[in-house]
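Residue numbers (our numbering), protein chains in the order written: chain U, 1 to 295; chain D, 1 to 247.
Careful: at least some of the hints might be erroneous.
[To be verified] With a straight-line cut-off of 20 Å between C-alpha atoms, the simulated DMTMM-like cross-links for lysine to aspartate or glutamate are:
| no. | chain 1 | residue 1 | chain 2 | residue 2 |
| --- | --- | --- | --- | --- |
| 1 | U | Lys-135 | D | Glu-12 |
| 2 | U | Lys-28 | U | Glu-174 |
| 3 | U | Lys-135 | D | Glu-95 |
| 4 | U | Lys-135 | U | Glu-94 |
| 5 | U | Lys-28 | U | Glu-94 |
| 6 | U | Lys-135 | D | Glu-100 |
| 7 | U | Lys-28 | U | Glu-5 |
| 8 | U | Lys-135 | U | Glu-155 |
| 9 | U | Lys-28 | U | Glu-147 |
Calculated directly from the structure, the hints in this document are not laboratory data.
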Amino acid sequence: MAAIEVEGLTKSFGGRVACRDVTFSVGKGEIFGLLGPNGAGKTTTLRMLAGLYAPDAGTAVVAGIRIPGGPELRRRVGLLTEQPGFYDRLTARENLKYFADLEGSRRDRVQALLDRFALAEHADRPFAELSRGMKQKLAIARALVHEPEVIFLDEPTVGLDPEATREVRSVIAELSAEHATIILCTHHLDEVERLCSRAAFIAQRVVAVHEIRREDLLRIDLAAPFAPDGVRAMCKSLRSSGTSLFIEPLAQVPDIVAALVAAGARIEAVAPHRDPLEEAWLSLLADAREQGLTA
Amino acid sequence: MTLLVLRKELLELRRSPVLLLSMASLPATVVIVPIALLAWVMHAAPEQALAFVTDVYGGQSIGAVLARNWLPMFLVLPIFLPILLAAQSIGGERERRTLEPLLATPASTLSIILGKSIAALVPAVLITWIAAALFCAGIDAVIGHSLLPDEAWLFGTLVLSPLLALFGNAMAVVVSSRVLDPRAAQNLAATTVLPLLGLLVVQLAGRIALGPRFYVVLALGVAFADVALVFVAVRLFDRERLLTKWR
Ligand SMILES: Nc1ncnc2c1ncn2[C@@H]1O[C@H](COP(=O)(O)OP(=O)(O)OP(=O)(O)O)[C@@H](O)[C@H]1O
Ligand SMILES: [Mg+2]
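Given these sequences and hints, build the entire structure.
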């Protein structure tokens with residue numbers, strides 16, 4: 001059964017539609033990307049799923065509880081908010097401890113998370129004095145402090161330096177390995193490519209759900225269109241697009257090339273090819289614009 | 001949960017020197033100004049002037065007149081102080097963006113309001129009591145014999161003050177659940193203090209003598225208003241509205 005099942009969620013603010021008919025589902029332990037231009041309704045969707053807003057229409061079941069849910073839903077869900085709001089005059093540790101206590105977390109969680117995010121050294125400084133990246137890491141720690149089954153991360157790597165970005169990404173991967181279900185909102189397409197198994201592109205509504213392929217494809221450019229039937233057996237998947245072939249190889253690359261040449265193909269170039277989320281994103285964005293779905 | 005919220009509020013308050021100072025300045029003024037004034041009048045004013053006051057107020061000495069009529073100021077204090085604190089603590093959560101993560105925890109609306117309310121009420125009542133004790137001691141020292149606290153004073157500070165503090169706090173909670181700027185919320189809630197200030201002026205003008213009966217009626221009225229207001233405050237504390245509306 002899916003950990004998150006979203007069906008037709010709609011929300012507007014004073015006549016202005018924030019999101020309309022958002023539908024998708026996320027399996028247990030999956031990392032699911034939520035992509036979309038600014039103002040697409042990503043944060044609004046997460047807030048509804050975290051039980052903070054009641055939807056105008058539609059339903060969603062999160063960790064077995066129908067939203068807007070109550071304290072029990074909020075206990076099962078961890079939310080990294082768009083802005084890392086903490087109390088300026090309390091120290092990093094006091095802040096984290098406060099939220100840990102409100103969530104009823106295990107006692108050793110605060111110190112463990114401070115260590116995990118390399119914040120221990122700064123834990124006794126007032127929050128106001130921390131750097132932006134430290135604040136962001138503290139906010140991520142807060143979202144995880146009660147070991148939630150479902151985690152919503154709204155732009156987790158904003159403001160982080162490359163090292164911290166890597167740390168956070170590896171934490172996200174670990175969480176999913178521990179069977180937490182994660183929705184990741186981000187503008188970094190490479191983050192989605194690296195971490196997510198699927199991503200929804202949203203512009204007010206879910207326009208497309210995209211499977212992310214991790215394996216590299218082989219791209220073969222030909223001088224003319226060519227029916228590649230002779231090599232099908234050597235490929236896990238094969239797609240031809242114009243004069244290009246996109247292949248998931250089963251055999252050695254030189255063997256495939258040799259087979260193609262033997263079948264009469266005239267090859268101009270062979271190169272590894274990563275599944276380009278960026279292209280998909282841009283074309284989806286163009287479609288969304290045409291339909292008047294973006295701000 | 002309530003206790004957790006309360007503990008955090010008090011910790012934050014302890015670390016806010018400006019807020020503490022503004023909380024202390026009003027009671028300090030209310031205590032020091034009349035005592036200094038009385039001391040100065042009793043030492044510097046001519047005999048006839050003092051006799052004139054005694055005459056106008058039907059035989060009471062100037063010290064007694066001042067002492068008895070200053071009580072309403074100690075009723076204004078416990079309304080005003082929790083307004084200062086509560087409006088700050090609810091509006092401040094929104095301003096510093098801590099409201100969203102707070103509302104995302106399992107903490108119930110009631111425990112958040114209760115924690116914040118107690119954190120506003122306890123310091124307000126304590127400060128009022130300390131100020132009242134200092135005032136009584138100061139007045140007695142200046143006039144040279146024990147005049148205060150009398151019955152009205154004891155009743156006013158021990159019974160009325162906490163009730164009024166509750167009233168001020170509930171008012172602040174109601175207003176700041178709806179009005180989104182903490183300063184505006186403070187101002188609006190503070191206007192509830194105006195009728196009592198009016199009362200003080202009227203009383204000093206000698207128009208009505210406020211006896212024990214008046215204070216009992218006042219206490220019952222305030223207690224009733226408190227219950228109603230607290231009920232309204234919890235009903236009005238709309239989590240979603242607090243998060244979405246910024247004006
Ligand atoms: N509290 C609010 N009041 C009024 N309009 C709102 C409110 N919150 C969001 N909106 C509107 O809803 C739309 C979606 O906003 P949302 O914050 O969900 O977008 P987003 O996808 O998270 O954008 P970003 O990538 O910039 O974070 C926007 O047009 C925004 O102006
Ligand atoms: Mg957003």
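Results of checking the hints against the structure:
1. U:Lys-135 - D:Glu-12: holds (18 Å)
2. U:Lys-28 - U:Glu-174: holds (14 Å)
3. U:Lys-135 - D:Glu-95: Distance of about 17 Å is within 20 Å: holds.
4. U:Lys-135 - U:Glu-94: holds (13 Å)
5. U:Lys-28 - U:Glu-94: With Cα atoms ~33 Å apart, U:Lys-28 and U:Glu-94 exceed 20 Å; violated.
6. U:Lys-135 - D:Glu-100: holds (16 Å)
7. U:Lys-28 - U:Glu-5: holds (11 Å)
8. U:Lys-135 - U:Glu-155: holds (13 Å)
9. U:Lys-28 - U:Glu-147: Given that 20 Å is the threshold and the Cα spacing comes to 15 Å, the pair holds.
The structure shown violates just one earlier hint, number 5.
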